[in-house]
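Q: Here is how the chains run, residue by residue.
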Amino acid sequence: MNIIVCVKQVNDPEAPPSSFKIDPNSNKVVPPVGVPPVLSTFDEYAVEAAIRVKEKTGGKITALSLGINLLRDVVKKPLSMGVDELVLLEDPAYIDGDSWSTSFALFTAIKKIGNYDLILCGRQSADWDAGQVGPGIAELLGLPCITLARKLEVEGNRLKVERVIPDGFELIESTLPALVTLSNEHPAPRYPNVKGIMMAKRKEPIVWKPSDLGLDVAKIGPSGRRTRLIKLYQPVRESHCEIVTADTPEEAGLKLGQKLRDVKVL
Amino acid sequence: MSEYQGVLVFCEVFEGRLTSVSLELLGTGRRLAGELKTSFQAMLLGSPLDKAPDEAIICGAEKVYVADDPGLKDSLTDSYLPVMEKIIKQVCPAVVLMGQTNMGRDLIPRLAYRSNSAAVLDCVALAIDGDTKRLLMTKPVFGGNAYAVQICETNPQFATIRAKSMAPAIRDESRKGEIIKLQADLDLSRVQTRLIERKTEIAGIKLEDARVIVCGGRGIGSAEGFKQLEELARVLKGAVGASRPACDNKWASDNVQIGLTGKIVSPELYIAVALSGSSQHLSGCSGSKVIVAINKDAEANIFKVAHYGIVADWKKAWPSFAGKVKELMK
Ligand SMILES: Cc1cc2nc3c(=O)[nH]c(=O)nc-3n(C[C@H](O)[C@H](O)[C@H](O)COP(=O)(O)OP(=O)(O)OC[C@H]3O[C@@H](n4cnc5c(N)ncnc54)[C@H](O)[C@@H]3O)c2cc1C
Ligand SMILES: Nc1ncnc2c1ncn2[C@@H]1O[C@H](COP(=O)(O)O)[C@@H](O)[C@H]1O
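For the record, the sequence lines run as chains A and B.
In terms of my numbering, the first sequence is residues 1 to 266.
In terms of my numbering, the second sequence is residues 1001 to 1330.
Rather than coming from a laboratory, the hints here were simulated on the basis of the structure.
Keep in mind that a hint or two might mislead.
As the list claims (entries may be wrong) - Below, in silico cross-link-like pairs of lysine to any residue (SDA-like), each with a Cα-Cα straight-line distance of 20 Å or less:
hint, chain 1, residue 1, chain 2, residue 2
1, A, K231, B, L1195
2, B, K1073, A, D262
3, A, K21, B, K1073
4, B, K1330, B, V1311
5, B, K1199, A, P235
6, A, K255, B, K1089
7, B, K1263, A, G142
8, B, K1089, A, I22
9, B, K1326, A, D262
10, A, K231, B, V1149
11, A, K111, A, S211
12, B, K1051, B, K1250
13, B, K1073, A, G168
14, B, K1199, B, K1304
15, B, K1250, A, E242
16, B, K1263, B, V1149
17, A, K259, B, S1165
18, A, K255, B, D1297
19, B, K1263, B, S1165
20, B, K1164, A, P235
21, B, K1304, A, P166
22, A, K160, B, L1195
23, A, K151, B, Q1192
24, B, K1296, A, H240
To be verified - Sample of chain A residues at the chain B side, in silico, Cβ under 8 Å:
hint, residue
25, P92
26, T147
27, Y233
28, D247
29, E250
Since the model is a prediction, treat every value here as computed from it, not as a measurement.
Quick reminder that beta carbons are idealized off the backbone N, C-alpha and C, glycines included.
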């Protein structure tokens, strides 16, 4: 089984909401100071899923990431978890694209990697929450795509996926190769062990520039965009919380209950 | 004039009826078609369709395309893609809309790229730009910390809409329209996925329908803690929800997660216990009418959106709070 996992470096989505800032002039997010970037949440689940499949079937896992200023500590995390190879599309020409141009660049790199049975992505990136690159790559490669997976099983040349739906799950069977996107209902990503971390330190990523992929720069980055960002803004949340105070927590609980009756909420 | 004209919405049908997001699509599509002074058409997806095509006309569609084929019963994207692709080629619409549903999230990006265009998913507002007549698509980004307004510069312009974010269609029984039957022409040899089973795992009141939700976070600390929340939810005839860490820890089941990647709810009363109010969580509950917060940290973000609250250890405050509520509800 040869597996490709797409992982993206993002600003830490779990940084406190109060640290989130937008520069209105450039329509861009100001990275929070002192909070290092991380791998996008669901991409770590995708790495975990890949390792679990490989543990049963054997084979090779390649992680693929597109971006700039990719911190080696961040993008090497899949290696330390058990991924075999890391390919970076790291060049200014790749960035500031949209879901379409990112899908296209990743698709081109996947074709160059060539030998794949399964491609895994996160359900949506933790910054733009677009949810398009998985189905996008599947479309470009002409593969079946199953989104929101919580469990994967490979049996011979068939794949069985449990897909999360609002009131339960679907069990779907697919041919291979296929593309699957992972949701957090899948078992949590493992912590890298010391051996994994040492291996990752020694392993150097392969970096592909647009020319290595024979990519027409008109199709990637800002010039490849089909969508345009008009405005990025923060919602105003009015704060008007009435705090019920008391000497003890027990009394506060009582008073809160009474309060809800007084204001006719109950 | 562009060769791309009109608004096309894909409406899902369940057990012969239009789903609620389909009614919102019909309302939104008709409004946008009105602003663009263009035609408005719907395609219905599902099987059987029963009276749904007539209902779509009552809800404002001028033309309704149907492909009632038993092969489309399982709502698998794989079988729907070619049928939808065909209709898009035939209609050549300027705008294509669908709900951000199990199907919409898969189908719309694929159809957009297949049409050499692009999409914006999970929109909470759609409007027409007065000058360019392009569709302005607003969606939450950065876990709900921000909103982005985007346009699609290619045609057709594709979008999915978030359930309950836009006004449903207003029915008018006097409306007339045309129903056009299509051959699905499913090529089963090209279908690569198969639905083995679909299972419901929800017991009791659905979160989306609950008038009261008691939601616990990481600070609840255990499954036993959630039992206490459940007890009060029962008294209030409501349901229990949970933040993501509480689900990840298996204190509550995965399908009661509330937030950006869980359920989006808007009950009359939302009681948030021992959860911090991350932007991803608030994305799922900020539409609640009244939010009550119990948190031991006065600086917790939840107090920024709550209407009433106490700063306390929930373990100490809960018995008296729950007891009082029970007494009042008698
Ligand atoms: C892309 C993405 C999507 C996400 N989607 C979701 C989602 O859909 N839903 C979701 O919930 N999260 C989601 N998250 C996770 C989210 O960022 C937060 O990590 C999560 O919401 C925090 O949960 P919490 O408030 O329960 O925990 P914490 O942030 O750890 O907060 C615990 C709170 O409990 C309080 N507390 C602790 N003990 C007590 C006590 N004894 N009494 C009273 N108060 C106490 C603390 O003061 C603290 O405020 C997502 C994250 C990402 C990156
Ligand atoms: N720049 C990127 N590099 C690698 N993978 C990416 C990148 N952008 C998106 N992806 C993958 O596509 C998924 C969905 O991203 P998005 O469509 O941006 O929400 C992510 O969870 C990743 O698995």
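Q: Broken hints, numbered, in rising order?
A: Of the numbered hints, 1, 2, 3, 4, 5, 6, 7, 8, 12, 14, 15, 16, 17, 21, 25, 28 do not hold.
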